[in-house]
Amino acid sequence: MDDIALRLGIGDLCAAYADCIDDDRLEEWPDFFAGDCRYLVTDRESHQAGLRHGVIYCASRGMLIDRVTTLRRVLMFEAHRYRHVLGPVRLDRVADGVAEARSNFIACRIMHDGETSLFATGRYLDRIDVSRTPFRFFERAVVLDSRKIDTLLVIPL
Amino acid sequence: MDDIALRLGIGDLCAAYADCIDDDRLEEWPDFFAGDCRYLVTDRESHQAGLRHGVIYCASRGMLIDRVTTLRRVLMFEAHRYRHVLGPVRLDRVADGVAEARSNFIACRIMHDGETSLFATGRYLDRIDVSRTPFRFFERAVVLDSRKIDTLLVIPL
Amino acid sequence: MDDIALRLGIGDLCAAYADCIDDDRLEEWPDFFAGDCRYLVTDRESHQAGLRHGVIYCASRGMLIDRVTTLRRVLMFEAHRYRHVLGPVRLDRVADGVAEARSNFIACRIMHDGETSLFATGRYLDRIDVSRTPFRFFERAVVLDSRKIDTLLVIPL
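Protein chains in written order, with my numbering: chain A, 4 to 160; chain Y, 4 to 160; chain E, 4 to 160.
Derived from the structure by calculation, the hints contain no laboratory data.
No experiment lies behind these values; they were computed from the predicted model shown.
Worth double-checking, as some hints may not be accurate.
It does not matter which identical chain is meant; a pair holds if it fits inside one copy or across any two.
Stated by the list, open to error - EDC-like mimics (lysine to aspartate or glutamate), calculated; alpha carbons at most 16 Å apart, straight line:
| id | residue 1 | residue 2 |
| --- | --- | --- |
| 1 | LYS151 | GLU48 |
| 2 | LYS151 | GLU30 |
| 3 | LYS151 | GLU118 |
| 4 | LYS151 | ASP116 |
| 5 | LYS151 | ASP34 |
If we strip away everything but chain A, and leave its shape as in the complex, we get (with noise of 0.2 Å):
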């Protein structure tokens, strides 16, 4: 694959993820990852200080269908969406199947009655199985920059 369709390719992959999302089709989430994968939301200075966990903290492919459920079922919040908009992808390297990209995004929250706010801001960085199609996460780490992490965050970014 020449490195213009692998480009194409990743910013389909990331783009299709935040409209996975964005249309609270949260069921198909999981499957934007690998099986053996990792998905952390973390902030800018706990990525910076090394800390490998995060406020959202997923070590496999089951943990985010776990999550999904859970938010289904069991979790109470008022009812919202996001709407991401993305910037550029950034390919960083890719060496024997994987890619390493980041990009950076702006979500906005819609709350049920409609209500709009600048939500969170961020960076993706991604290591990516681009050794198949479809492509799939091994690890999407979403860095936010702020730590104000709102309590409403239930929904994966």
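On the provided structure of chain A, position chains Y and E as indicated by the hints.
Quick look at chains Y and E alone, frame taken from chain A:
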């Protein structure tokens, strides 16, 4: 036309469209559409309910031209501009010279006094004539995330 | 260099530039410019009026370096960061090894306590040396949509 050229062309169309509006060159706005076209601004819930109309609805390029004329000559509103920031375009399907694509946006509104706010977020759902250049919209549905459609929605999105 | 490689290269330059600022690696910021360059931050109305200066104005890479030194050693300001989200880059013209491009941005500002707000929106107007790699800016004009330029505009955009 190969896949990459098609994607670049559609991306350019969407970017040029947003710049046209943000630059207040509204007289050029109808030129982004085919003569026989459909443009509407609606909200997510109405769209999901299958409602085919919206807060703004135009069923031909002539209606788009009328809208701009009305906006320039008749409507009284406080001067403002938008700034669109577009996420990546996803190409859903291409068949018989028609491409179906989607992209997400944030539109900020800048009032005459410089006051800037998050105005709207949402998704463009497009059907594009790619059988000739320049590409033109057969249909552009602007699906807003929020029902709170500001009474100041005068300028198209 | 073909058209697609050129576009990708310019997109990468713009994304790397924003990351450099957002990561607070300001000492590397002048390296994005040619030695003989121009960088300015202005507003839309001043730009349209043909004014060639701005709130920030640097006419060489040396002035960019001075600016960073001053910012680090002298200026007193409350610690903050930006998060840029960039829209697609439009390539206007390429001739004699110089590309003219434009792109839109939203910059959010994250204060030291995590408070996040919409800080600025606007457009980059660029003249880029594409005759050699890495690409470098001959000129980057940051045209803000609002005249309300915050007194906290210390860090470049």
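What are the numbers of the hints that this structure violates, sorted from low to high?
Hints 2, 5 are the ones this structure does not satisfy, whereas the remaining hints hold.
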